[in-house]
Amino acid sequence: MNTGHEEHKLDAGFWRATIVMGVISALGMWGVVVFPIERYVPEAAGIAVKIDWLFKFMAFFSVPILVYVNGYMLYFTVRYRNRKGQPKDQPGSSIHDHKTLEFWWTAIPSVLMLVLGVLSYILIPQYYTARAATADSVTIEAIGHQFSWEFRYPGLRDPVPDELHLPVDVAVTIDVTSTDVIHSFWVPAFRMKQDMIPGMVVPMTLTPTKVGKYEIICTEFCGVGHSGMRDRYVYVQSQSDFDAWYAAQKTKQAHAPTEVTAAVLASGDAAAGQQLFNSRCTTCHNAAPFDKRKVGPGLANLFHDPAHPKLLSGKAPNSADVADILEHGLSGPMGQMPNAQLNGLSPKDIADLVAYLKTLK
Amino acid sequence: MQAAVGTAHVTHGHIHPPPDTFIKKYIFSQDHKVIAVQYFITSGLFFVLAGLLAEMMRAQLASANNTLLSPTTYNEAYSVHGSAMVWLVIIPILTGAFGNLIMPLQIGARDVAFPWLNMFSFWLFPPAGILLFGSFIWGAPEAGWTEYPPISLEQSFGTSMWCMAIFLIGVSSTITGLNFLVTIIKMRAPGMTWTRMPLFVWATAVTAFLSFIATANLSAALLGLLIERTFGVPFYDPAKGGSPVLWQHIFWFYSHPAVYIMILPAFGIVSEILPTFCRRPIFGYKAIAYSSVAIGLLSFAVWAHHMFTSGLAPWVQLPFMILTMIVGIPTGVKIFSWVATLWGGNIRLTTPMYFVLGFLSTFTFGGITGIMLASVPADVHEHATYFVVAHLHYVLFGGSVFGIFAGLYYWWPKMTGRMLDETLGKIHFWLMFVSFNATFLPMHWIGLEGMPRRVSTYDPQYQDTNLFISISAFVLGASMLVFAYNAIKSTISGREAGQNPWGARTLEWMIPSPPPYYNFDDIPVVLSGPYDYGKPLPYREIKADLSYKPIV
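Read top to bottom, the protein sequences are chains G and L. Read in our numbering, the first sequence has 303 at position 303, and its numbers run on one by one without any break. Read in our numbering, the second sequence has 230 at position 230, and its numbers run on one by one without any break.
Treat the hints with care, as some may be off.
[Claimed, not checked] Beta-carbon label-pair distances, calculated as ranges:
1) R16/G to T465/L: 33 to 39 Å
2) N66/L to W245/G: 33 to 39 Å
3) D169/G to V434/L: 44 to 50 Å
4) G134/L to K88/G: 56 to 62 Å
5) G241/L to L312/G: 29 to 35 Å
6) T193/L to R83/G: 35 to 41 Å
7) L223/L to E141/G: 34 to 40 Å
8) E141/G to Y485/L: 46 to 52 Å
9) T195/L to V49/G: 48 to 54 Å
10) L318/L to P257/G: 35 to 41 Å
11) W53/G to G134/L: 47 to 53 Å
[Claimed, not checked] Derived DSS-like pairs: lysine-lysine, alpha-carbon spacing no greater than 25 Å straight-line:
12) K294/G to K210/G
13) K250/G to K315/G
14) K252/G to K99/G
15) K294/G to K310/G
16) K549/L to K99/G
17) K84/G to K549/L
18) K286/L to K9/G
19) K535/L to K88/G
20) K50/G to K210/G
21) K84/G to K535/L
22) K286/L to K426/L
23) K84/G to K426/L
24) K315/G to K292/G
25) K252/G to K213/G
26) K361/G to K315/G
27) K310/G to K292/G
28) K426/L to K88/G
29) K426/L to K489/L
30) K84/G to K99/G
31) K99/G to K286/L
32) K88/G to K549/L
33) K213/G to K99/G
34) K535/L to K9/G
35) K310/G to K361/G
36) K50/G to K99/G
37) K348/G to K250/G
None of these hints come from the bench; they were simulated from the model. Where a beta carbon is used, it is the ideal one built from N, C-alpha and C, also for glycine.
Make the full structure from the sequences, and use the hints.
Below, the structure is given as structure tokens:
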């Protein structure tokens with residue numbers, strides 16, 4: 001307790017330092033309020049704006065805590081340092097505690113935590129696990145694979161790989177899950193993230209509010225290709241653009257072959273195959289000779305390698321047998337190659353890839 | 001304050017002769033001080049190895065699509081780095097090394113309650129380290145220090161070695177926890193009531209309780225993973241009816257208390273050093289002591305805040321969020337009390353004091369980002385990004401490692417009998433403090449912008465920041481060389497420390513440096529609390545010289 005000795009009084013320097021720190025805090029807090037988060041990470045969903053305000057609320061009160069803790073620490077250290085000629089073992093103040101002070105520095109953070117807790121809880125049901133219930137809402141399934149995404153839309157026969165299209169200003173519920181290991185579906189512009197857990201389907205509900213193209217990133221380690229699960233995008237479109245895209249998808253799928261037949265293989269497009277190769281295959285394969293392996297072998301000489309006259313499946317390298325590996329996967333000495341379903345490859349994609357691989361030398 | 005002197009504590013009535021063979025003295029020693037040094041040396045070695053893994057990672061991340069390390073090597077590097085830093089470095093140094101070295105001395109005991117168990121506990125530790133680092137031969141674990149199934153079920157044999165290594169460490173930790181708890185409860189010197197215990201002993205008591213209770217859960221989870229990997233019994237694989245989320249629950253039910261196992265002893269170290277160099281009582285002794293207990297108890301009820309994106313229902317998230325925020329309150333009380341201790345002191349800015357001030361600054365920052373991660377909606381954006389990487393390094397490096405170095409500089413003279421060089425110590429501090437912040441501060445921002453953790457390549461827009469971080473990380477690594485040089489130099493030609501070079505008041509400074517075998521000729525009698533500078537020392541039955549003029 002304060003014993004009333006001269007040494008225990010707070011001097012003018014203390015109050016000056018307190019005021020200086022107050023000014024610094026005020027500047028910092030003002031900086032937090034006006035900081036344009038939007039300029040660095042777009043706020044493309046209704047919830048994103050609110051979460052950013054919650055973040056600013058926390059940063060706002062963090063500034064004075066940081067300034068005063070560091071400021072008093074530095075001020076006291078300089079002000080009460082052992083000076084030349086002062087005995088090293090001269091005792092300092094003998095104050096053990098100060099009940100009023102301790103009450104306030106417990107009470108004020110408690111109140112702040114309470115407010116933060118309430119604010120946080122208000123935001124949770126607005127996006128999380130609650131299912132969008134309005135008549136025009138959309139439900140989409142998002143499935144994580146090693147190492148791609150697959151989106152299933154109501155009314156579309158086949159899943160859409162690695163591209164999520166959403167109409168703007170419509171509440172959408174995305175049911176997320178995985179077929180292999182845990183992935184995490186993150187769209188920074190939406191400020192939303194949900195782990196994709198095999199065996200569990202978790203809904204996340206949001207309303208995109210800004211037309212644009214935003215990155216989807218995997219944030220849960222999912223294997224050797226985890227680092228590459230980026231550069232995939234969600235496209236928020238106007239309702240008419242979305243409808244046009246949806247109709248185009250439907251037409252495309254209706255005409256797409258459902259099986260890998262010889263005719264389909266013959267119609268493969270090497271340029272489209274090259275694009276596919278670069279986005280889907282390069283996690284494990286190089287377009288280089290056999291020995292330049294990443295996980296699986298290099299594929300440049302797949303069709304004409306005198307050192308490896310047979311495929312790892314034991315068959316001769318012809319289009320049908322390469323397509324067979326692409327379609328059904330392969331479990332061999334170099335590890336496991338996922339099948340076409342896991343890789344998100346349609347029969348047309350397989351034909352394109354075979355056409356591309358044939359052009360490699 | 002003259003209190004009754006308790007006589008209920010049973011203490012050693014006689015002193016055994018010291019061991020006479022080299023093996024009994026230095027290898028299979030049962031002397032808590034020798035075991036502490038064994039822990040320091042072993043953990044120090046693992047610190048170097050795990051630190052080199054971190055530098056490898058930073059070399060890879062210096063440019064966006066670098067091919068210096070293969071993705072597999074990179075994944076192995078960060079997984080073993082994290083596992084080693086947590087289980088082979090921070091926990092063993094803070095409990096095994098500092099706990100063993102200081103706690104028995106501070107309570108006026110001649111050793112821990114079970115010296116043989118203490119030796120056994122240490123000898124579980126080097127094999128664990130060999131298993132973990134040896135796993136590189138068969139392909140080290142790749143899924144991070146958390147090893148979430150199902151991916152950890154698919155990995156090479158190294159992951160099974162990881163399970164065994166961490167299991168051994170877990171058993172060692174449980175045994176040490178039990179040993180320390182019994183020691184603190186039963187072996188305090190007469191007159192040392194609970195509220196006369198030094199604050200490092202309070203911190204060690206809570207830590208020991210956490211180690212004893214929580215670690216068994218980790219062992220169970222690890223055993224499950226090992227059994228599933230080896231015999232296919234499905235605990236965690238959803239394809240066979242297991243639950244991957246079950247692993248996360250059990251793992252974090254241990255690993256959140258483990259976070260406090262890694263920070264409470266550092267709190268204790270800070271609470272010892274501040275009064276010594278401010279030459280005044282610590283502000284709010286009881287608040288600091290009881291807040292450790294509060295943090296320890298709360299730590300068992302916050303684990304699911306690591307799982308806010310794992311598909312928990314909102315009504316499950318709510319209590320975990322609120323309880324996590326509540327942890328901030330006792331932690332804040334400690335920080336404010338430490339700052340208030342500086343007020344009105346006679347402050348000597350020695351190297352331990354530099355590290356304590358550095359700790360205060362960086363740990364406060366880490367604490368605040370912890371609150372930001374506790375809020376569910378904010379966490380949903382921040383989780384598993386570089387923001388989390390930054391936060392955990394501010395707590396475990398800015399907190400624990402700064403605390404460890406503060407403690408090393410402070411108790412080095414007691415342990416070795418020689419002072420570390422103060423000038424080199426301060427160079428070490430400034431290099432480390434500046435490069436630490438330069439390394440980890442920018443990570444908060446790139447995390448919020450969209451850089452996920454555990455990636456070996458990243459979007460080129462983060463290239464410049466990452467290059468800056470990598471350069472800073474190399475400086476941070478180099479700062480450790482200054483300490484290594486200082487430690488070697490002082491061992492050869494350091495200044496003689498004498499019994500009490502800092503002029504402190506706790507019991508370890510009342511006996512020669514290094515302390516003799518069996519520590520105290522006669523068990524001291526404690527008359528009041530440890531931090532009343534300016535008053536006569538509160539001990540009786542101490543034979544050594546009690547006039548303590550600080551030499552630094």
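*Against the structure shown, which of the earlier numbered hints fail to hold, in ascending order?*
4, 8, 10, 12, 13, 14, 16, 22, 30, 33 and 36
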